[in-house]
Each structure stands twice: as C-alpha cells, then as structure tokens.
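Participant: Each chain, written out:
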Amino acid sequence: MTTRDSAFGGINLVQDILIIGGGVIGCAVARELSAYQATVTLIERGADIAEGASKANSGIVHAGFDAHPGSAKARFNVEGNRMFEAYCQAVNAPYVRSGAMVLAFDEQQRLTVEKLYRQGLTNGVEGLSVIEREQVLALEPNVNPEVVCALLAETSGLTSPYELTFALADHAAVNGVAFLLDTEATEIRKDDDGFHVRTPRGELTAKILVNCAGVRSAVLHNQLSDRTYNITPRKGEYYLLDHEMKPVFSRTMFQTPTPMGKGVLVSPTAHKTLLLGPSAQDTDNDTDVSTTAAALRLVRDKAALTWPRESLRTVVTTFAGIRAHEAGDDFIVGATENVPGSYEAIGIESPGLTAAPAIARALCEQIARENGLTLKPEWKPAPIRNKPFAEMNADERQAAYEQNPEYGNIICRCEQVTEAEIRAAIRRPVGARSIDAVKRRTRAGMGRCQGGFCSPRVLEILSEELAIPPTEVTKCGGDSRMLIGSIAEAFRKGDA
Amino acid sequence: MANGLQPQAVDVLVIGAGPAGLAAAIAAREAGVTNLLVLEREPEMGGILKQCIHNGFGLHRFQEELTGPEYAQRDIERVKALQIDVRCATTVLNITKDRLVTAISRERGMQLFQARAVVLAMGCRERPRGALAIPGTRCAGIYSAGTAQKFVNLEGYMPGKRVVILGSGDIGLIMARRMTLQGAKVLACVEIMPFSSGLNRNIVQCLNDYDIPLLLNHTVVDIQGRDRLEGVTVAQVDAKREPIPGTETHFACDTLLLSVGLIPENELTRQADVEMSAATQGAVVDDALQTSQPGIFACGNVLHVHDLVDFVSAESFKAGKAAAEYALGSRADGRTAAVLDGEGVRGAVPQRIRIPDPAETASPIQLMFRPSCVFENAVIRVLDGDREVLRIKRRILAPGEMADLTLKPELLRALSGQALTVRIDASEGVCAWNS
Numbered sequence: 001m002t003t004r005d006s007a008f009g010g011i012n013l014v015q016d017i018l019i020i021g022g023g024v025i026g027c028a029v030a031r032e033l034s035a036y037q038a039t040v041t042l043i044e045r046g047a048d049i050a051e052g053a054s055k056a057n058s059g060i061v062h063a064g065f066d067a068h069p070g071s072a073k074a075r076f077n078v079e080g081n082r083m084f085e086a087y088c089q090a091v092n093a094p095y096v097r098s099g100a101m102v103l104a105f106d107e108q109q110r111l112t113v114e115k116l117y118r119q120g121l122t123n124g125v126e127g128l129s130v131i132e133r134e135q136v137l138a139l140e141p142n143v144n145p146e147v148v149c150a151l152l153a154e155t156s157g158l159t160s161p162y163e164l165t166f167a168l169a170d171h172a173a174v175n176g177v178a179f180l181l182d183t184e185a186t187e188i189r190k191d192d193d194g195f196h197v198r199t200p201r202g203e204l205t206a207k208i209l210v211n212c213a214g215v216r217s218a219v220l221h222n223q224l225s226d227r228t229y230n231i232t233p234r235k236g237e238y239y240l241l242d243h244e245m246k247p248v249f250s251r252t253m254f255q256t257p258t259p260m261g262k263g264v265l266v267s268p269t270a271h272k273t274l275l276l277g278p279s280a281q282d283t284d285n286d287t288d289v290s291t292t293a294a295a296l297r298l299v300r301d302k303a304a305l306t307w308p309r310e311s312l313r314t315v316v317t318t319f320a321g322i323r324a325h326e327a328g329d330d331f332i333v334g335a336t337e338n339v340p341g342s343y344e345a346i347g348i349e350s351p352g353l354t355a356a357p358a359i360a361r362a363l364c365e366q367i368a369r370e371n372g373l374t375l376k377p378e379w380k381p382a383p384i385r386n387k388p389f390a391e392m393n394a395d396e397r398q399a400a401y402e403q404n405p406e407y408g409n410i411i412c413r414c415e416q417v418t419e420a421e422i423r424a425a426i427r428r429p430v431g432a433r434s435i436d437a438v439k440r441r442t443r444a445g446m447g448r449c450q451g452g453f454c455s456p457r458v459l460e461i462l463s464e465e466l467a468i469p470p471t472e473v474t475k476c477g478g479d480s481r482m483l484i485g486s487i488a489e490a491f492r493k494g495d496a
Numbered sequence: 497m498a499n500g501l502q503p504q505a506v507d508v509l510v511i512g513a514g515p516a517g518l519a520a521a522i523a524a525r526e527a528g529v530t531n532l533l534v535l536e537r538e539p540e541m542g543g544i545l546k547q548c549i550h551n552g553f554g555l556h557r558f559q560e561e562l563t564g565p566e567y568a569q570r571d572i573e574r575v576k577a578l579q580i581d582v583r584c585a586t587t588v589l590n591i592t593k594d595r596l597v598t599a600i601s602r603e604r605g606m607q608l609f610q611a612r613a614v615v616l617a618m619g620c621r622e623r624p625r626g627a628l629a630i631p632g633t634r635c636a637g638i639y640s641a642g643t644a645q646k647f648v649n650l651e652g653y654m655p656g657k658r659v660v661i662l663g664s665g666d667i668g669l670i671m672a673r674r675m676t677l678q679g680a681k682v683l684a685c686v687e688i689m690p691f692s693s694g695l696n697r698n699i700v701q702c703l704n705d706y707d708i709p710l711l712l713n714h715t716v717v718d719i720q721g722r723d724r725l726e727g728v729t730v731a732q733v734d735a736k737r738e739p740i741p742g743t744e745t746h747f748a749c750d751t752l753l754l755s756v757g758l759i760p761e762n763e764l765t766r767q768a769d770v771e772m773s774a775a776t777q778g779a780v781v782d783d784a785l786q787t788s789q790p791g792i793f794a795c796g797n798v799l800h801v802h803d804l805v806d807f808v809s810a811e812s813f814k815a816g817k818a819a820a821e822y823a824l825g826s827r828a829d830g831r832t833a834a835v836l837d838g839e840g841v842r843g844a845v846p847q848r849i850r851i852p853d854p855a856e857t858a859s860p861i862q863l864m865f866r867p868s869c870v871f872e873n874a875v876i877r878v879l880d881g882d883r884e885v886l887r888i889k890r891r892i893l894a895p896g897e898m899a900d901l902t903l904k905p906e907l908l909r910a911l912s913g914q915a916l917t918v919r920i921d922a923s924e925g926v927c928a929w930n931s
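In order, the protein sequences belong to chains V and Y. Going by my numbering, 314 is the number at position 314 of the first sequence; the sequence numbering is gapless. Just add 496 to the spot in the second sequence (first one is 1) and you have my numbering.
Rather than coming from a laboratory, the hints here were simulated on the basis of the structure.
Listed next, the in silico BS3-like pairs over lysine-lysine satisfying Cα-Cα at most 27 Å (straight line): (1) LYS190(V) <-> LYS207(V); (2) LYS246(V) <-> LYS387(V); (3) LYS302(V) <-> LYS736(Y); (4) LYS262(V) <-> LYS302(V); (5) LYS246(V) <-> LYS593(Y); (6) LYS576(Y) <-> LYS546(Y); (7) LYS115(V) <-> LYS262(V); (8) LYS272(V) <-> LYS593(Y); (9) LYS302(V) <-> LYS272(V); (10) LYS493(V) <-> LYS657(Y); (11) LYS681(Y) <-> LYS493(V); (12) LYS246(V) <-> LYS302(V); (13) LYS262(V) <-> LYS272(V); (14) LYS376(V) <-> LYS207(V).
All values derive from a computational prediction rather than experimental measurement.
Kindly generate the complete structure, drawing on both the sequences and the hints.
Facilitator: Structure (structure tokens):
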C-alpha cells in the first residue's frame, strides 16, 4: 500500500525495515523484501520514484565484459544479465535482447576489443565473438565503414530503466511496502531502538536500514561508519531521436572504453527510439541535470565516429543524468562494516541497472538470513499491466476498447497513448502525480511534439483524478506548477 | 489488419476538420460526392482556428477581418448545410497506400474504411524545445506558443507572468500581445535569424505597438530553474548562428514561449509510402494536390506551412474537387513537368504540373514558395529547361511571407516538358537561410 502525504505528517513512524532511495536498486530491494513478514517503508527525496540515475541512463542490459574480473561489478553484472529477461517478465517491464558491438577503428583499438573479449570470457559472459569489418557492416550497415573489427556481444539487451523501476515499486506496493515521496533522509543516528532517520517531514525509526541512496549513499553511510566512502556525481548528457520506420541500428554500438566509462554509444532503446550519449563530466552538484552546449557537442562529434551519416533531424529531446561514481571504482554491496542492522548498495553506476536484480537478491538474502526474516505465506504477483495501445494490433485494440471505451480516446498522438492508459498510470499502486510522472509511465509527451498537444489534456486528467485544481498540477513535483492562475478567477477578483 | 472489422466503403475520406479538411469536404460535396466522410481527432471541428481568437483572418477570402473561430464557423455552417458526415473525437491510426484507413473513437471503437480517394488535411505541429537542443534545465514554464495559446484562450489559464519568447513565428508574435493584454510582462522576442519568420503586420501590431523588443541575431543559450523556470540567458549569434561569447544577457522570467517553426504532421502520409519533399516536409504533389500515391491528396499545412488561412482554404477547395474527380473517375491525365527550387527559392508547391493539351481550356496554376532570404528589388524567374518563360519583379521578398506566381494557360500549353525551375535573382539580399 502506498503511504500518501496524509499518512505521514511528522509522526515518528516505526518500521522494521527502512529503505532509503527509490531508484532501481531501492525498488528492487523493496520488491524482494516485500516477500518477507516485516513492515517495510521506502523513502525517496524526489517527487516520484526513479528520479535520479534510474530515469536518465542508457537503458542497456550489459553483457558483462567491461568489468574487471573478480570485481563486484563483474559478478553482479553477469548474474544480473542472466536474470534480466525473466525478471522483466515477472514484473511486466520492457526487455529486448538486442545484442551489442564494441567497435574498433584502428589496430590499437583492436587490441582493446580482444582484451574485452578475453575479459568477458573470464567473467563468464556467453555469446561473445570478435567479428571482422565485413561481418560488422553486414549486420549493421550504418556503421562507419572505417571500422576494422568489433566485439559482438549477443547477450546485451535493452530495458526501460524507469519503467522497470515503476514496475518493481508497484509489485512491492501490492505486497505492503509503503512509499514516501518528497522525503529526503538528511541525517541518520543509531541507538538501542534502531536507526533514526531525520527527514524534512518528520523522523522515521527502523530496526534495519537499507541504504540505496545513489549519489547520496556515501554521505549517509559516512554518518554511521568510520570507514568512509566518497562518491563523485558524474554527469552524462544524451540526445534522444524519434523512432522512424527504418531503424538506424538494431544493436547497441559502443566505442572502445575510456577511463571515464564506456564512452559514447549509439543505441536503439526498448521503445525503438535512438539514443546518443553519454558524455562524462564530474560535477559537485548531485542534483544538477542541466544540459550544456559543450557536452552535447562532444556527444554529437563522438557519435559521428560510429555513425558517419549522423542526422539530428529527428531529435526529440536532450537530457542529462548523474552517475554515482565511487572512488574505489566498484560496487559496495552488503552489510555496513561494524554497524549491525545497516545494509547498503553504494557506488552503483553502470552496470548498476543490469546488476539490480542480482544486487537486490544478494542483499535481501543476507538481510533475511542475518535477521531471521520469514517469508509471508502469500506473496502477490506483480499487477498485470495491459500491453501499450501503441503496440497492440487492430484486434487487440478493439478488444481493449470493448473492455474500456477510454481506449478509444487517443490523448498523445505522437506515441498513441489513450485516456485509459493515462488514468491507469495515475491509479497504479505507486501512481503518477505529475505530467512527467505520467509521461514516464505511459510515454504521453515523449514523442515528436514533446507534449505540445497532449500536455493540456494530461493536465486536465491529472486534475480530475487527483481532485486538485489545474493550477496545482505540476510538471515534476515541488514548485513546478504548469499554470500560475485562472483567468476567470482573476476576473472575478477584479485584477484582470 | 483486424480480422473482425469489415471496411466501410467511402468515396472521399478527409482526414482532419480544420480549415483545410473543411474546405476539401465542402468542395468534394459540391463536386457531387455523396459518400463523403470527415474524421477529426478533436471533439470539435475548426482545428487550430478554435484557439486563434485574434482577428485578421479572411481578408482575402471574405474581404472581412474575422477572428479564427468566426472564420471556421463559416465553413462549419456550410458543412452542416451540406449534411456532410463528420466524425469528431476520432483518431486515424493508420493509412495504407491502397487507402485502407483505420481509426478509433470512444463512441465507436475501431473503424475501418476503404476509400476511393483520401484527402490528407492533418495540419502541422510546433517544433518543441527538445528539437533545438537548447542547453539548461528541464523545468516547468517552457511551452510552445500554441500550447500556451490553448491554455490561455481555450482553457482560461495563464501559464506565467514574465515571459521571453524565442523565435518570431506568427504564433509567438500573437502570443506576445495576448500575454501582455492578459497582464503578463513580455520582456523580449528573441530571433536567431537576421529577420523575423513572422508576418510584418504581426511584428507591427503585436510587438511594436506594445514596446516589446525584437532581438534579431540572438538566441537563448541557457535555461535556468530547478522546478519552475527562473531565467534564461540570451546571446548574440555570428553569421554562422553560433553564440558570440561575451554578449550574454540574463532575463529573469518564469515563462519561455517557443515559436521556432511549424512542422507538417505527416506520420500518416509516410505510412502510405507517399513521396516527401525535404524542402516543405510535406508530400510531393501535382497541381491537383495529388501525391505520388494515386487517389491520395494533401492540402493545407500538412502539405506546406502557410501564413494565411485564406490560402489554406483556397488550396484545399482545389484538393477536395480533385479528390472528387478522382473518386468519380473524371480526372484527366497527360504530360507533366517537374517544378524545381532554383536559387533563392525554397519549397515550391506543386512540385509537378500537368501540361494541358493544345485544344484544352485549362486553368491557370499557382505556384507557392518561400524566398530563402530577404531580397530587395528582386526578380522571380521561371525557366523551362534554360528558356525563361516568366519574369516578375518584386520590391521585397522575405522568408516570413509566402511568395506566389501564376502560370497562365497559354504559358502552360507551350511548355516543353522539361523541368521548370523557379529562381530569384536580386542585387541586394540578406541571405542567411541556407540550412
């Protein structure tokens, strides 16, 4: 059950388990823990879940050849990759096994490709091969013909990171996890009663703490432990291009990696759009997701190496995300050293999305074992979600319409999203509360016109469903109101 | 295709009941089509005119200054008088080159039509912020001008009170005045080009009359604000339209309206595998507004973006009549000649014209296009191969105002069949539109 604002008004809420962070890791942990007999609350500083790195990354389910053998990154990546398809199926999240290539453009880069191949084998990655120029171009005709060879990774895939996060949260919520949004953990103390977490909206107390706070995870960890960690927010900027009739690439196209990460990729997405990016700049602001001309130019220039006929004619938007890069360059997953009851997932940058199912499973098994948690007699399955209208054939559309005539009303014309789907997104267990929240759950406003036509309609539906005036509807929570006042109201008051 | 759905036969099917679709439907009915259907995605007819509550519409067609809704109402009344079947709140989902059209509505569910002729009249959409890749945050308070116009004029809500407008397209100019009249402060209208893309009358009546500065050769280089917009940074641009460092000015504002171009909405057109023009972003058509797919016609802003609704209506009457002739089997074929954009010309429409037989009583053909720059004392020339067949002098030409010329029947009859080229020669010109 979702705990709404009214349920938490500065009261000291006592729980068995408190999860900090509503990204893909926090929600995956919440879902695992919801199988156990315990009261679980998840707090998230954003106005929605998946507001941090989970809403703005490449959405790649990595094969696992990048990570250093023996590292936590390597282990969780390969494990997560193997779990991913069934995992997405279980919660109704998008997954496509598209494959990937790492392109080499000279003999030096060939050596890197060969090293990645061997590293992949050591990590236990299946479906790897090094292919030569002709084969690369036969599989992907739009690749720069100057390519010399490529690592082909058949087990690489695509998901929608925020949709997966929403699906995990919904599954956790139907099994009793409470979600508190707009609730930032500012300070953590431990005493005999457990952990006391201060938030701007009151204090929460829990016996078990799970820190999945992304870019904030090290700061919170350091309040409990002398063994400190240091996270640097690392910004990545992207271009997103519209889906077209003929996809440019069918696989994720990597270039050889750099010390700052996997470099600029050109990749289809789970929704058949095309993604270029990311850049990588370290920043000191963990909430700054503004884009910059310099980084976007860099993305454009680097992507052109992969895709020489690069065309930005169909760009629908640009965006930025923040990775949580830890100084030790590895995932830190498990119990906090010398702090009984505290568990953590720190430094979860790429391949964190791929690793999420494996990280959550490992953490929760450990929590259950060390705290004697027992499984509930019944764990409800994830809520069934209809196939998106845009992906239905004519018969399925008619059948959906017969079930609910609101399927007959197209609200977002670019992405073909219906009124039925927008209302359903607001009514989900962890439902949409803003224009952007609807957008990420339904794709309404994600297309060519970027909400130009549908946002007034979505606003109207949100106002109706949430029973708030249109002037209270926000783009993305906080003070992001879409409208500043009613003209009729101003007339009545005499100020117009 | 849906196995369970039986297609309904329609002689002429019009997609869209904005000014283009309404005119096409009226013309088709007046040409004798009884089995005629119009599909409109919005709950009411009239298209974008519904929210254009300012006046200035209809000067050419009615010799009157009407508001948008008044203009639309005249066609709506005619459609009703002619008892034309219009299904509103019905979205077309798919169209094939064989003119099988799938639609859905809340009232009727999925619907399938087999049309003899289809008129595409879906209009255009505004180019959004994302397409420009303007750096900065993605906060609330950034709207395309038409979205803001809908909020203000149809929904009765103000999107903000301190406004910067990026782009000087007509809707942006109109909204500069509208927001001002509604009590907002419009700080500036910022245009990256050395000239406005809007009509001169709108610059005078919507900016100058309200002392709103028009900053030519300027653009927005940064957007600030975490939740709601707090300000934008504007900089001057060089001849390559790159921002010049050191020229930045900051505007504290809560609203940024974008009027940076209109894009014909051709998703359905592409599904039908219709040949497209890169210059207009609409279909390639002949002088009867027929696309490369026989029986599929296009008119209005889905074909090419017009400045004046009067010309949308005129074009769409032609398309409706031609679609009727096609559906009723009375269209003449014959020799054709291609029309090409020459120097200084962008997006001449139609791209193909029929050469009448020597004995035929043919109608004149109007060619419409945009000058690629601002030209003074210009000469528009039409070349048949390399033979000049027409020469027209114009004192001023600008990209913001569609130019046109008429090819008379005697000229048409004498054409060789080689491609015609339309070009502009000018001694003086401010040329910058070369993208």
